[in-house]
Every structure is written in C-alpha cells, then in structure tokens.
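K.L.:
The listed protein sequences derive, respectively, from chains H and V.
Note that this note's numbering has the first sequence beginning at 1, numbered continuously upward.
Note that this note's numbering has the second sequence beginning at 112, numbered continuously upward.
Simulated from the structure, these hints should not be mistaken for laboratory data.
Values in this document were obtained by computation on a predicted structure and should not be read as measured data.
Check before you lean on any hint, since a few could be wrong.
For the chain H half of the interface with chain V, some residues (derived, Cβ under 8 Å), not all of them [as the list claims (entries may be wrong)]: (1) Gly16; (2) Arg37; (3) Asp39; (4) Arg41; (5) Leu87; (6) Tyr97; (7) Phe101; (8) Gly104; (9) Thr108; (10) Arg110; (11) Ala111.
Note that CB positions come from ideal geometry on N, CA and C, so glycine has one too.
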Amino acid sequence: RKEVEQDPGPFNVPEGATVAFNCTYSNSASQSFFWYRQDCRKEPKLLMSVYSSGNEDGRFTAQLNRASQYISLLIRDSKLSDSATYLCAVNEGWNDYKLSFGAGTTVTVRA
Amino acid sequence: EAQVTQNPRYLITVTGKKLTVTCSQNMNHEYMSWYRQDPGLGLRQIYYSMNVEVTDKGDVPEGYKVSRKEKRNFPLILESPSPNQTSLYFCASRGLQGRNYGYTFGSGTRLTVV
C-alpha cells in the first residue's frame with residue numbers, strides 16, 4: 001500500500017463551482033500535512049499546511065481527519081487559474097525529513 | 112530573492128556518463144532533499160540531508176549519490192546513468208523551524224538518458 005494516495009481525477013468543474021478531494025495516508029504517526037499546487041510539470045509550490053483544527057486560506061479550506069487518516073482540500077468559487085494538479089504531502093511519522101507525496105489530483109476549471 | 116536553484120534545467124546524456132545536478136539554496140536552510148517525478152508515480156524522495164555532512168536515503172536511492180559539504184549546496188550525482196533514470200528531478204529545502212512550512216522546491220531538472 002502506498003504511503004499517500006490521491007484520487008487522480010480529473011475533476012472538471014465550471015467556474016464558480018466548489019470542488020473537494022481527499023488524500024489518504026497510511027502512517028498513523030504522521031505529524032505534518034501539506035497541500036501543494038503544481039502547474040504543468042513545473043515545481044510544486046506550497047499551497048497550505050494542514051492543521052489539526054482545519055484551516056482556511058481565502059477560497060481554500062484544508063481539513064485533517066486523524067481517525068480516518070485523510071486530509072482534504074476544498075476550493076470554493078473556482079477560478080480558471082485554479083486549474084492545476086494538487087499534491088498532498090505527509091511526513092513519515094516522527095521523521096520530519098521524509099516527506100511523501102501523493103501522485104496528485106488534477107483539477108480543470110472551465111469557463 | 113529566497114530561492115532554490117538547480118542546474119542544468121535540461122540535460123540529455125548517454126548511458127554510463129557520469130553527471131552531477133547542482134542544487135543551491137540561499138535561505139540558510141538545514142534540510143535539503145532530492146525528488147524525482149515520474150508520470151503516475153508522483154514525487155519520490157531520493158536522498159535527504161538534515162545538515163552539513165548528514166545525509167540519508169529516501170525511497171529510491173539506488174543509482175544516486177549525494178554530498179553535503181556546505182550548508183547551501185546539495186548536489187545529486189549519477190555515477191553511471193541508465194535510461195530508467197530519465198525523469199524530472201527536483202531539489203527542495205526547508206528550515207529547521209519550518210515544520211509547518213513544507214519544502215521550497217527548485218525549478219526542476221529534466222534529465223534524459225539515452
């Protein structure tokens with residue numbers, strides 16, 4: 001079983017829609033969780049960290065569910081510029097240096 | 112500007128010819144890491160370094176070497192490249208206190224081994 005798994009999508013949504021997707025992780029001792037955005041094979045860029053209590057950054061909301069071992073990302077009021085691949089990243093238990101990534105969820109926002 | 116710089120951006124080489132991909136960061140970060148990205152497999156960690164002279168294997172270290180002689184530099188060495196090392200490579204760094212800030216990535220090196 002992979003450390004971190006994501007639904008690859010693609011999620012095709014109209015502008016203004018809400019889209020949400022999850023990422024599951026296998027190591028119950030993981031402590032750090034992140035969402036990255038990657039455009040067309042460019043470098044991943046940190047979108048947001050995911051905190052235990054959940055957190056919001058503008059139109060983006062991230063949640064952590066430790067019991068079921070998944071994190072989620074919700075994008076409200078989707079913009080064309082939100083079209084990208086979203087990668088989740090999870091550290092490997094107490095090893096802070098080892099960050100494992102999911103293969104990514106592709107989101108396409110259409111006009 | 113705070114950044115991670117990789118060179119070269121693109122490289123085509125032949126099987127068996129040793130090569131080095133350089134990585135440098137100007138943020139005084141302790142942690143540095145190399146990843147490769149392949150379609151359908153996502154980012155996989157090759158090696159990581161916790162500080163100068165301290166490195167450890169990631170998930171796919173075979174065929175690669177690294178060194179960390181200076182804090183800012185973390186080169187990736189392919190002693191004898193093979194076609195299965197054709198991939199997109201990313202270097203990344205993170206500060207000691209940056210647990211909740213994740214890694215900052217370089218722009219990537221697209222390597223083709225023929």
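K.L.:
Hints first: check each against the structure and report whether it holds.
P.N.:
Status of the hints after comparison with the structure:
1. For the restraint placing Gly16 of chain H at the interface with chain V, the shortest Cβ-Cβ distance is roughly 29 Å, beyond the 8 Å limit, so the hint is violated.
2. Annotation: interface hint on Arg37 of chain H violated; nearest CB of chain V at approximately 11 Å, more than 8 Å.
3. Interface restraint check: Asp39 of chain H against chain V, minimum CB-CB distance 12 Å, threshold 8 Å, status violated.
4. A least Cβ separation of about 6 Å between Arg41 of chain H and chain V falls short of the 8 Å threshold, and the interface hint therefore holds.
5. Satisfaction of the interface hint for Leu87 of chain H is found here, the shortest Cβ-Cβ separation to chain V being roughly 7 Å, below the 8 Å cut-off.
6. The beta carbon of Tyr97 of chain H comes within 5 Å of a beta carbon in chain V, closer than 8 Å, and the hint placing it at the interface holds.
7. Checking Phe101 of chain H against chain V by beta carbon gives a least distance of about 4 Å; that is within 8 Å, so the hint holds.
8. Because the smallest distance between the Cβ of Gly104 of chain H and any Cβ of chain V comes to about 6 Å, under 8 Å, the interface hint for this residue holds.
9. A least Cβ separation of about 17 Å between Thr108 of chain H and chain V goes past the 8 Å threshold, and the interface hint is therefore violated.
10. Here the hint on Arg110 of chain H is broken, as its CB sits about 23 Å from the closest CB of chain V, past 8 Å.
11. For Ala111 of chain H, the interface hint is violated, the least distance from its beta-carbon to any beta-carbon of chain V being 27 Å, above 8 Å.
The structure fails to meet hints 1, 2, 3, 9, 10 and 11 from the earlier list, while all remaining hints are met.
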